[in-house]
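Participant: This is what each chain is made of:
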Amino acid sequence: MKHLRALEDQSVYILREAYKHFDNLAMLWSMGKDSTVLLWLARKAFFGHVPFPLIHIDTSYKIPEMIEYRDRLVREWRLNLVIGQNKQALAEGMNHTRGRIECCTALKTQGLKLLLEEKGYTGIILGVRADEESTRAKERYFSPRDKNNEWDFRDQPPELWDQFKTSFPPGTHIRIHPLLDWTEINIWEYIKLENIPFIDLYLDRGNGTRYRSLGCAPCTFPIQSTARTVDDIIEELRKSQVAERSGRAQDEGRGMELLRKDGYM
Amino acid sequence: MDTCNASPLDSTPPVRGRMNIVIVGHVDHGKSTLLGRLYADTGSLPEGKLEKIQAICRQQGKEFEYAFLFDAFLEEQQQGITIDTARTFFQWDGRQYIIIDAPGHKEFLKNMVSGAARAEAALLVIDALEGVREQSRRHGLLLSMLGVRQVTVVVNKMDLVGYRHDTFESIKKEYQEFLAGLNVTPQYVIPASAKLGDNIVQRSRAMAWYTGPTVLESLGLFSSEVARHEKPLRFPLQDVYKFDARRILAGRVTAGRITVGDRLIFSPSNKTAMVRSIEAFNVEPPPIQAEAGQSIGITLDEQIFVERGEIVSHEDSLPLVSTTFRANLFWLGRRPLDIHRPYVVRLATQEEECEIVAIHRLVDATNLSAASPEHEPIHQVQRNEVAEVTIRAKTPLAFDLYADFDSTGRFVLVDNYDVAGGGIITAMIPDRHEQLRTEARLRDFAWVKGDVSPEDRAMHYGHRAAVVLLTGPDTAGKAFLARKLESVLVAEGRHAYLLDAANLRRGLDADLHEGNEAAEVVRRYGEVARLLVDTGLLVISTTNPFSLPTEQIVPALQTLIHPVPLLAVYMSREATDSVPEADLVFTGPEDFDALTHHILDALKRKGILAQVVGAYPTFQYSI
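Listed in order, the protein sequences are those of chains A and B. Per this note's numbering, the first sequence starts with residue 1, numbered consecutively. Per this note's numbering, the second sequence starts with residue 1, numbered consecutively.
Hints listed in this document are in silico derivations from the structure and should not be mistaken for laboratory results. Cβ coordinates follow ideal geometry from the N, Cα and C atoms, glycine included. Please note that a few of the clues may not be correct.
Under the rule of at most 27 Å between Cα atoms (straight-line distance), these lysine-lysine pairs were calculated in the DSSO-like manner [to be verified]:
no. : chain 1 : residue 1 : chain 2 : residue 2
1   : A       : Lys119    : B       : Lys242
2   : B       : Lys394    : B       : Lys606
3   : B       : Lys231    : A       : Lys2
4   : A       : Lys119    : A       : Lys147
5   : B       : Lys52     : A       : Lys20
6   : A       : Lys239    : B       : Lys52
7   : B       : Lys394    : A       : Lys20
8   : A       : Lys20     : B       : Lys604
According to the in silico footprint, chain A covers these stretches of chain B (three or more CB under 8 Å from chain A) [said to hold, decoys possible]:
no. : region
9   : 126 to 135
10  : 236 to 242
11  : 275 to 283
12  : 529 to 540
13  : 556 to 566
Under 10 Å between C-beta atoms, here's a sample of chain B residues computed to sit facing chain A [what the hints assert, rightly or not]:
no. : residue
14  : Ile98
15  : Asn111
16  : Arg228
17  : Ala250
18  : Gly251
19  : Gly297
Modelling step: build the complete structure from the supplied sequences, incorporating the hints.
Facilitator: Right, here's the structure in full:
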């Protein structure tokens, strides 16, 4: 409980720094557990308000329950939702059978890039966590992206004492990562502590499987699990030694390093 | 890639505490190997990770190393060095550790600093065969500057020196003596071999002479959380929100406690107010107290207008306020720190332009002595160097000495777009106006307020209070312009008053003798101006009656009327090279009607006058 409050305090501080320094700020919301915790933290930081738009990059392949859940929270929490979609790639028939990296690049990376260009956002808040995979472990809280959205992980600016990178040349933008220090277990512990609504795809609904990580339907696979409550999930994770994103196909090999260098989340 | 957030084999108890630990040391001394070994021997790796990396090594025909478990980038694996810090997660004995693997190569010192700045404790690794090296010392020095006070030293690769006790003791002695020069005492010095697993998780049989803790045990012996909440209150203001009916002051308490009903002092503005409530989302019942570490929001009993940057404290323990301080600074910028170049200093939530007044000495990280000959002026600090400097900000900052408060006693310098250096404050340098500033603070804290607030007056008058000070050589027409400005403002319906310091000479200043009381004349004028601006007036004056140099008058008056704005207008008949700093500069023959309108425009730009006569000003402001 105390460690969750410490995580919360740091994330809230980061969100407030982002809001203070970026005139054109938005938050990426995939409706998964992490970005929903992030959304909740924004409501904490701004006392029930979310003073910037939420972006959903819609690949059109999301699991239908996710869209229902999205629209419900938008209504109930009065959120400003912006939907981005690479319509051209979809019209040309892009899907995962053309290659997972190609599909992710076109529909997610490129979809985000198109929206950034259209809206001119200079700060994007994302729910990535350092423990998800190795390149995310190297991220800064405030991480610059160049004109082509690329991440120069070889030469990241120093970041110390909560003095973040908040100034940047025109044409570039900053990725902001308030959840960097959270682990998967922390996320579920916090969902329980704050009673945050989440999609029940994360629970076993009677067939002995559940999703541990949510993405596009064709590339995300459920795991064997009988966890029916948040407590069950936490208990399962404490015992588990299987990586969270093992059900995510794009993580295989060096997929994430290559994807993230080019601007993937 | 997969993850490394798993916990040890059995189901572990719920987490009680959390701690950030950084692993530092010279390149190749075995930091990543130590980390890999720690995870492997405690069963903390995800299933199949070890086997997977071993298989890759076989495939590529190289010997398996534990370090490969955490080197994320292809480049790191090819070069066998860690380029950037990586956070990994590790849980043991009811505590959750975030372990930050910092690169040891000199090239990547900025990444090491970024990692270590987040840490509460450090493991510093030294190669038993190579002994204490340059980065071993530099990292020790930086840890002390970054405020990492808990350090355990691991003398690694003991297998390469035949596990010899005397080799260990001589490295231990040498490094302890070095740390002693930094006032750091290592908690433990542990002989180990990460490669073979000696004294990492399992106790070494080869070194029966060592009876202290293993590396794993030493982690548990780091203590969490210094008792920052026991200190006096420090609450740097981060932002002010008005999303609904509430006006909420947001920020993070960095020291002490804040309680509903407390009387607060805001520095450097010297404003005061009481805490009416502590606001929180999804918390029932609402909190009545908050302490160090918490990100909070408060509301006040009265509508004072304060902005980001103020440091909130209680009256009995105020932060220091000055433009100038002395500091130990480390430089990480791409180009050297240059005494002739302007920088931006960021200190807690304050951000201000600054200059480097002096570079007193460069510190040689290898022996902590002065790296440069004494008395030779130094103009630059190169990348990765440490120096003692004096920094002066454009306007006064609130801060503490690092020895007293960590968060409000350190700062970073921004060069171009990037944080390029950081430092800790070792001394406040009283500037010329220190005495006046102290007087103004004490006077403002004791000020008895009426029911009409400065905001009420501003709304009523349609403008804020301010002082317009006309400066420049004699016979430039300052007095004429001052009279004209007063007439135009009053004709427009503003509340303006020409206060000539000459009018104080026979009355308030009658006890002063000509010549030797120049500073006192300015002080008394400033106090009178302070009273008039408190009534909401626009006060106009020239520097004619003062016998001090202009560059002393302007900051002295500004200090006394602070935080009410002072608009300095310099005028001269001839163009000169040495124009003192001013908000407006008029040189050469001028049309006085035009000058008057320039001044009115400047007042509008600063939000002092509303744009349209008769309209209410749109600013958020008060004294």
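Participant: Closer than 10 Å between Cβ atoms is the bar; does Ile98(B) clear it against chain A? Give me holds or violated.
Facilitator: At 6 Å from the nearest chain A Cβ, Ile98(B) passes the 10 Å test, so the hint holds.
Participant: For a C-alpha distance cap of 27 Å, please report whether Lys231(B) and Lys2(A) respect it.
Facilitator: Holds, at roughly 20 Å.
Participant: Quick one, are Lys52(B) and Lys20(A) close enough, alpha carbons at most 27 Å?
Facilitator: 44 Å, violated
Participant: For the pair supplied as a hint, Lys20(A) and Lys604(B), confirm whether the alpha-carbon distance does not exceed 27 Å.
Facilitator: At roughly 25 Å apart (the allowed maximum being 27 Å), Lys604(B) and Lys20(A) satisfy the hint.
Participant: Examine the region 126 to 135 of chain B: at least three residues should have C-beta closer than 8 Å to a C-beta of chain A.
Facilitator: Check failed, 0 qualifying residues.
Participant: Can Gly297(B) be said to touch chain A, with a Cβ gap under 10 Å?
Facilitator: 6 Å, holds
Participant: Please count how many residues of the region 275 to 283 of chain B have a CB within 8 Å of a CB from chain A and say whether that reaches 3.
Facilitator: As far as the region 275 to 283 of chain B goes, the hint holds, because 4 residues have Cβ atoms under 8 Å from chain A.
Participant: Given the hint that Lys394(B) pairs with Lys606(B), test it: the Cα-Cα distance must not exceed 27 Å.
Facilitator: 18 Å, holds
Participant: For the pair supplied as a hint, Lys119(A) and Lys242(B), is the alpha-carbon distance within the 27 Å limit?
Facilitator: Status holds; Cα separation ~25 Å.
Participant: Just to make sure I understand the rule, a stretch counts as covered if three or more of its residues have a C-beta closer than 8 Å to a C-beta of the chain. Does the region 556 to 566 of chain B meet that for chain A?
Facilitator: violated (count 0)
Participant: For the pair supplied as a hint, Lys239(A) and Lys52(B), confirm whether the alpha-carbon distance does not exceed 27 Å.
Facilitator: The hint holds at about 21 Å.
Participant: For the hint on Asn111(B), just tell me whether its beta-carbon gets within less than 10 Å of chain A.
Facilitator: Constraint on Asn111(B) satisfied, holds at 7 Å.
Violated hints, listed in ascending order, are 5, 9, 12, 13, 16; each of the other numbered hints is respected by the structure.
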